[in-house]
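*Asks:* Using the sequences provided together with the hints, build the complete structure.
Below, each chain spelled out in residue letters.
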Amino acid sequence: MQINGRSIARGIGEGEVLLCHDAISFLGDIDPKSGICVAPKHAIEGKNIAGKVLVFPQGKGSTVGSYVLLQLAKNGKAPAAMVNVEAEPIIAVGAIISKIPMVDKLEKNPFDLLKDGMKVKVDGDNGTLSMA
Amino acid sequence: MELTSIQQSMLNGEHGEAVQQSMEILVALGKIYGADGMVPVSSAQIAGVSYKTIGEAGLEYLSDLAKKGAKVKIPTFLNPAGMDREQWQKMGVPADFAKRQMAVLDAFASMGISMSCTCTPYYIGIRPKVGEHVAWAESSAVSFCNSVLGARTNREGGPSALAAAICGFTPNYGFHLDEKRACGLVIDVRAPLKTNADFGALGAWAGQLAKHRNPAFSGIRKTAANEDMLKALGAAMAASGSVALFNVEGITPEYKVVDGAEKVTFAADDLLASRRSLTSSDTPPQLIAIGCPHASIDEIKEVAEKVKGKRVAHQLWVCTAKETKEKADALGYTSTIEAAGGLVVADTCMVVCPLKEMGFTTTACNSGKAAKYLASLQGQKVVYGDVEDILCK
Numbered sequence: 001m002q003i004n005g006r007s008i009a010r011g012i013g014e015g016e017v018l019l020c021h022d023a024i025s026f027l028g029d030i031d032p033k034s035g036i037c038v039a040p041k042h043a044i045e046g047k048n049i050a051g052k053v054l055v056f057p058q059g060k061g062s063t064v065g066s067y068v069l070l071q072l073a074k075n076g077k078a079p080a081a082m083v084n085v086e087a088e089p090i091i092a093v094g095a096i097i098s099k100i101p102m103v104d105k106l107e108k109n110p111f112d113l114l115k116d117g118m119k120v121k122v123d124g125d126n127g128t129l130s131m132a
Numbered sequence: 133m134e135l136t137s138i139q140q141s142m143l144n145g146e147h148g149e150a151v152q153q154s155m156e157i158l159v160a161l162g163k164i165y166g167a168d169g170m171v172p173v174s175s176a177q178i179a180g181v182s183y184k185t186i187g188e189a190g191l192e193y194l195s196d197l198a199k200k201g202a203k204v205k206i207p208t209f210l211n212p213a214g215m216d217r218e219q220w221q222k223m224g225v226p227a228d229f230a231k232r233q234m235a236v237l238d239a240f241a242s243m244g245i246s247m248s249c250t251c252t253p254y255y256i257g258i259r260p261k262v263g264e265h266v267a268w269a270e271s272s273a274v275s276f277c278n279s280v281l282g283a284r285t286n287r288e289g290g291p292s293a294l295a296a297a298i299c300g301f302t303p304n305y306g307f308h309l310d311e312k313r314a315c316g317l318v319i320d321v322r323a324p325l326k327t328n329a330d331f332g333a334l335g336a337w338a339g340q341l342a343k344h345r346n347p348a349f350s351g352i353r354k355t356a357a358n359e360d361m362l363k364a365l366g367a368a369m370a371a372s373g374s375v376a377l378f379n380v381e382g383i384t385p386e387y388k389v390v391d392g393a394e395k396v397t398f399a400a401d402d403l404l405a406s407r408r409s410l411t412s413s414d415t416p417p418q419l420i421a422i423g424c425p426h427a428s429i430d431e432i433k434e435v436a437e438k439v440k441g442k443r444v445a446h447q448l449w450v451c452t453a454k455e456t457k458e459k460a461d462a463l464g465y466t467s468t469i470e471a472a473g474g475l476v477v478a479d480t481c482m483v484v485c486p487l488k489e490m491g492f493t494t495t496a497c498n499s500g501k502a503a504k505y506l507a508s509l510q511g512q513k514v515v516y517g518d519v520e521d522i523l524c525k
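Quick note, the sequences are listed as chains A and B, same order.
Going by my numbering, the residue at position 89 of the first sequence is 89; the numbering climbs one at a time, nothing skipped.
Position in the second sequence (first residue = 1) + 132 = my numbering.
To be clear, the hints were calculated from the coordinates, so they are not data collected in a lab.
Note that the coordinates shown come from a computational prediction; the quantities given were computed from them, not determined experimentally.
It cannot be assumed that every hint is accurate.
[As the list claims (entries may be wrong)] Coverage of chain A stretches by chain B, computed from C-beta distances (three or more under 8 Å per stretch; other residues unrestricted): (1) 4-18; (2) 59-69; (3) 119-127.
The beta-carbon is built from N, C-alpha and C at its ideal position, and this holds for glycine as well.
*Replies:* Below you can see the structure in the form of structure tokens.
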């Protein structure tokens, strides 16, 4: 099944879904060395985003968050792809400079559709998400 | 979004990787904000220059971009860095920080960016005309540009301003459009405003009230508000709210109020209360920091006249642009301030340098913007007042 959305950052990424119901401030919330969420009481506290298809509402916080995504990519701990409900500049810029495929504004609410651990493919060139 | 054939070829990678990545950023922002296309910009100001702000992550990004051969196409300058490039040792900046900061500046320099590190480009000759489109990033410069100069810019982030500088245009949305420039809040000023600290206190108050609206001011006499004061007003509103444009009746090039705008009054009591709320210390400061945003030559002159022949009881910095400092050097203001135990500091300011690491815990200022960020970003207790008051604390 394929769901259409909007392309934000090009490239194709596949992996297991990690749903996160909270907005993410990559500066502070995510450890750039390990990819683990270190923010107390965050929806994905203690979970590792490395290699996952990270699904979250949108970014928040410091604009330095864009650079933290690049650090994660350099450390091999970046998500395989990202899906936002509605993108904002911090995550969009971070995805582009780090070459992490990203889409937003899917036709259907990704939180209704997806579950943790499902295997999905994000096509950032065409702005689609597909499930096996 | 409509792209010209050249813009499309930039996006396709025909002009190299740095241009392609920059175009991708501009297109993504255009999509997010619903831009119909790109608009050419005549200058860019890059934020995220201090190593204290961007850290190792930002340094890596900039070094990568420089290695890809990125070059700017339009006059581009920088926001303040974390230290004075020449006087960092005198300031007490740690050597390791200085090394990292210089690496950040080297990356920018290799892209063809001017090494003017200032939040007041308009004091060093960069003054876009009414209606001219630019891509500036520092919040007080953005406010001054939109409001006092009547030019047009959104509040850019570091990477988006850099992308605009590399491509020569920015997505056409927000403050580039007429309909986003009208004011939805009118503040009738009844309080007597005499100094930068008064205007900063008005700004701190108005920024909280404005929310997403552009504020307009009535009741401020043209003879009672110079550019330095309008700078102080805009800077404080950008810090306490996120105001990027304001109008002042009879003073700014634009004065446009939407139908049904809310009207409020700023009375003498409000001024007193706001000034008081910006002070969080009853002990004397270790550092008196003037020049947020960067001091004009007139503001440096004022400090020089007040400290002439005296000895200031605490450390004193007057922060300014390097070009303005050179003027102050030539006019003898710098040596007067140094003779009183102070420093005229270029390229940096009290908000972006590593103050805590330098051992400061209480700082005095006359800026509504500095008062807010000294407390929230620098962990300082703040003494707020007019230049004359804080020099004598």
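*Asks:* Hint by hint, note whether the structure agrees.
*Replies:* Hint-by-hint comparison with the structure:
1. 4-18: holds (count 4)
2. 59-69: holds (count 5)
3. 119-127: Result for this restraint: violated, n = 0.
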